[in-house]
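Let the hints inform the model, and build the full structure from the sequences given.
The listed protein sequences derive, respectively, from chains A and B.
Numbered by the working numbering, the letters in the first sequence go through residues 2 to 204 in order.
Numbered by the working numbering, the letters in the second sequence go through residues 2 to 204 in order.
Don't take every hint at face value.
As the list claims (entries may be wrong) - Quick look at which bits of chain B chain A covers, simulated, 3 or more residues with Cβ under 8 Å:
id: 1; region: 29–41
id: 2; region: 178–191
To be verified - Below, a list of computed lysine to any residue pairs in the SDA-like style, where the Cα atoms sit at most 20 Å apart:
id: 3; chain 1: B; residue 1: Lys133; chain 2: B; residue 2: Asp93
id: 4; chain 1: B; residue 1: Lys56; chain 2: A; residue 2: Asp31
id: 5; chain 1: B; residue 1: Lys56; chain 2: A; residue 2: Ala32
id: 6; chain 1: B; residue 1: Lys56; chain 2: B; residue 2: Ser34
id: 7; chain 1: A; residue 1: Lys56; chain 2: B; residue 2: Glu69
id: 8; chain 1: A; residue 1: Lys41; chain 2: B; residue 2: Ala32
id: 9; chain 1: A; residue 1: Lys133; chain 2: B; residue 2: Trp170
id: 10; chain 1: A; residue 1: Lys56; chain 2: B; residue 2: Asp31
id: 11; chain 1: A; residue 1: Lys56; chain 2: B; residue 2: Lys133
id: 12; chain 1: A; residue 1: Lys133; chain 2: B; residue 2: Val169
id: 13; chain 1: A; residue 1: Lys133; chain 2: B; residue 2: Arg176
id: 14; chain 1: B; residue 1: Lys56; chain 2: A; residue 2: Arg27
id: 15; chain 1: B; residue 1: Lys56; chain 2: A; residue 2: His28
id: 16; chain 1: B; residue 1: Lys56; chain 2: B; residue 2: Ala73
id: 17; chain 1: A; residue 1: Lys41; chain 2: B; residue 2: Asp31
id: 18; chain 1: B; residue 1: Lys133; chain 2: A; residue 2: Trp170
id: 19; chain 1: B; residue 1: Lys133; chain 2: A; residue 2: Phe171
id: 20; chain 1: B; residue 1: Lys133; chain 2: A; residue 2: Arg176
id: 21; chain 1: B; residue 1: Lys41; chain 2: A; residue 2: Asp31
id: 22; chain 1: A; residue 1: Lys56; chain 2: B; residue 2: Phe171
id: 23; chain 1: B; residue 1: Lys133; chain 2: A; residue 2: Val169
id: 24; chain 1: B; residue 1: Lys41; chain 2: A; residue 2: Ala32
id: 25; chain 1: A; residue 1: Lys133; chain 2: B; residue 2: Asp93
id: 26; chain 1: A; residue 1: Lys41; chain 2: A; residue 2: Met68
id: 27; chain 1: A; residue 1: Lys56; chain 2: A; residue 2: Gln37
To be verified - Label-pair restraints from in silico Cβ distances:
id: 28; chain 1: A; residue 1: Arg172; chain 2: B; residue 2: Ala48; range: 39 to 45 Å
id: 29; chain 1: A; residue 1: Asp180; chain 2: B; residue 2: Thr58; range: 40 to 46 Å
id: 30; chain 1: A; residue 1: Arg126; chain 2: B; residue 2: Ala48; range: 24 to 30 Å
The set of hints was computed from the structure by calculation and includes no laboratory data.
Quick reminder that beta carbons are idealized off the backbone N, C-alpha and C, glycines included.
2 protein chains.
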Amino acid sequence: MARTAGSDGEKTEALLRSAALELIARHGFDAMSMRQLSAKVGVQAAALYRYFPTKETLLFTLMKDHMEALQASWEAARPESDVSARLSAFVDNHIRFHIERRHATHVSNMELRSLSPERLTEIMRMRTNYEKELRQILRDGAQQGLFRIDDVTLTGMAIIQMITGVIVWFRPGERFSVDEVAQNYHRMTLRLVGAAHAEDSHV
Amino acid sequence: MARTAGSDGEKTEALLRSAALELIARHGFDAMSMRQLSAKVGVQAAALYRYFPTKETLLFTLMKDHMEALQASWEAARPESDVSARLSAFVDNHIRFHIERRHATHVSNMELRSLSPERLTEIMRMRTNYEKELRQILRDGAQQGLFRIDDVTLTGMAIIQMITGVIVWFRPGERFSVDEVAQNYHRMTLRLVGAAHAEDSHV
Numbered sequence: 002m003a004r005t006a007g008s009d010g011e012k013t014e015a016l017l018r019s020a021a022l023e024l025i026a027r028h029g030f031d032a033m034s035m036r037q038l039s040a041k042v043g044v045q046a047a048a049l050y051r052y053f054p055t056k057e058t059l060l061f062t063l064m065k066d067h068m069e070a071l072q073a074s075w076e077a078a079r080p081e082s083d084v085s086a087r088l089s090a091f092v093d094n095h096i097r098f099h100i101e102r103r104h105a106t107h108v109s110n111m112e113l114r115s116l117s118p119e120r121l122t123e124i125m126r127m128r129t130n131y132e133k134e135l136r137q138i139l140r141d142g143a144q145q146g147l148f149r150i151d152d153v154t155l156t157g158m159a160i161i162q163m164i165t166g167v168i169v170w171f172r173p174g175e176r177f178s179v180d181e182v183a184q185n186y187h188r189m190t191l192r193l194v195g196a197a198h199a200e201d202s203h204v
Numbered sequence: 002m003a004r005t006a007g008s009d010g011e012k013t014e015a016l017l018r019s020a021a022l023e024l025i026a027r028h029g030f031d032a033m034s035m036r037q038l039s040a041k042v043g044v045q046a047a048a049l050y051r052y053f054p055t056k057e058t059l060l061f062t063l064m065k066d067h068m069e070a071l072q073a074s075w076e077a078a079r080p081e082s083d084v085s086a087r088l089s090a091f092v093d094n095h096i097r098f099h100i101e102r103r104h105a106t107h108v109s110n111m112e113l114r115s116l117s118p119e120r121l122t123e124i125m126r127m128r129t130n131y132e133k134e135l136r137q138i139l140r141d142g143a144q145q146g147l148f149r150i151d152d153v154t155l156t157g158m159a160i161i162q163m164i165t166g167v168i169v170w171f172r173p174g175e176r177f178s179v180d181e182v183a184q185n186y187h188r189m190t191l192r193l194v195g196a197a198h199a200e201d202s203h204v
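Shown next as structure tokens:
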């Protein structure tokens, strides 16, 4: 939806997205109605349909934006340097990105069930592309003799689940800062991939 | 609900539980109605309320049973032997238990949001008790100089998320058997905790 930057339309759309993420994360997609969403933001139901013609288009847009933002955030963070620096950057970026977007992360993880087959395929393709980046790092590390990995696919899934899982328990202002969590998970990831120098970076 | 083993009442209750898990996993708790559930199993709505007086009681029962079964399954599997054998048994039991109960696992992970504060507290207490078993293994391993762990709480969360995450991608009959997955995750876990002999068990 091309609009002048900062226009009222853009602001309304941003409010709708954020309210939809909150409602879906709280109640689930099937339980959220477009009427409830328009009431929450204070727009007419008819206006809502100008932004999102169907409820599923809204969900797809939220999930697609989430994956595009994740990919862009990784491309901006990805160093050209050695494989250990790339793994470190991947873990760090993934944790920070998801902690800042808890609602969107919950929705993206829970509501794949609510997408039509074509749109599910598109979101899964985006996920696969992102996860390929991690698998490439693991493969490079193994080829260079730096990592010890039995199976690149399983190891990639294990790392993704472990670092995404931070959003389940992390709350800002509690025992750990984001920096501490990211550093700690980085060390655990290095051990998990059998990185030769994992213990040095610990001392 | 005490009934003669195998009575019609018990059978109906088991059918209701299994149908409820399927409906909630598919649509979310808020979107499921008691009417929909009774229609799916083919009982009168009035009969359903004899088993579960409120919709939240139904959810709480499902989540409590899941945690009780998990705890019982671990207590039956837990070896008295050394710390590495206990860690191996924990990972193995956790993965097998959750793979066999995908719907219940999804419901337990997603629908904490739908419990009343008192019932949420009770489920969280059961979770904490179960997770304490893992933390004790990690602590024992670190004290005996077998494991290298920066933070027992973070490491425990990382392992739980990593091994529960198997249900997201695992499908029976595809590339890996349950045994292969359990063995592979066991080796990754040993590396993650810096187990001295992790690399030996690999060779």
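Each hint tested on the structure:
1. 29–41: Contact hint for the region 29–41 of chain B vs chain A: holds, 4 residues under 8 Å.
2. 178–191: holds (count 5)
3. B:Lys133 x B:Asp93: Given that 20 Å is the threshold and the Cα spacing comes to 17 Å, the pair holds.
4. B:Lys56 x A:Asp31: 17 Å, holds
5. B:Lys56 x A:Ala32: 15 Å, holds
6. B:Lys56 x B:Ser34: 8 Å, holds
7. A:Lys56 x B:Glu69: Violated, because 38 Å separates the two Cα atoms, which is more than 20 Å.
8. A:Lys41 x B:Ala32: 19 Å, holds
9. A:Lys133 x B:Trp170: Distance of about 15 Å is within 20 Å: holds.
10. A:Lys56 x B:Asp31: 17 Å, holds
11. A:Lys56 x B:Lys133: 42 Å, violated
12. A:Lys133 x B:Val169: Given pair Lys133 (chain A), Val169 (chain B) holds - Cα atoms ~17 Å apart, limit 20 Å.
13. A:Lys133 x B:Arg176: 18 Å, holds
14. B:Lys56 x A:Arg27: 17 Å, holds
15. B:Lys56 x A:His28: 15 Å, holds
16. B:Lys56 x B:Ala73: 26 Å, violated
17. A:Lys41 x B:Asp31: Holds, at roughly 18 Å.
18. B:Lys133 x A:Trp170: 15 Å, holds
19. B:Lys133 x A:Phe171: Holds. Lys133 (chain B) to Phe171 (chain A) sits at ~18 Å (cutoff 20 Å).
20. B:Lys133 x A:Arg176: It holds: about 18 Å lies between the C-alpha atoms, which stays within 20 Å.
21. B:Lys41 x A:Asp31: Satisfied, since the Cα-Cα distance of roughly 18 Å is no more than 20 Å.
22. A:Lys56 x B:Phe171: 30 Å, violated
23. B:Lys133 x A:Val169: Since the Cα atoms of Lys133 (chain B) and Val169 (chain A) sit roughly 17 Å apart, the hinted pair holds (cutoff 20 Å).
24. B:Lys41 x A:Ala32: 19 Å, holds
25. A:Lys133 x B:Asp93: It is violated: about 27 Å lies between the C-alpha atoms, which goes past 20 Å.
26. A:Lys41 x A:Met68: 25 Å, violated
27. A:Lys56 x A:Gln37: Satisfied, since the Cα-Cα distance of roughly 12 Å is no more than 20 Å.
28. A:Arg172 x B:Ala48: 39 to 45 Å: 43 Å, holds
29. A:Asp180 x B:Thr58: 40 to 46 Å: 43 Å, holds
30. A:Arg126 x B:Ala48: 24 to 30 Å: 46 Å, violated
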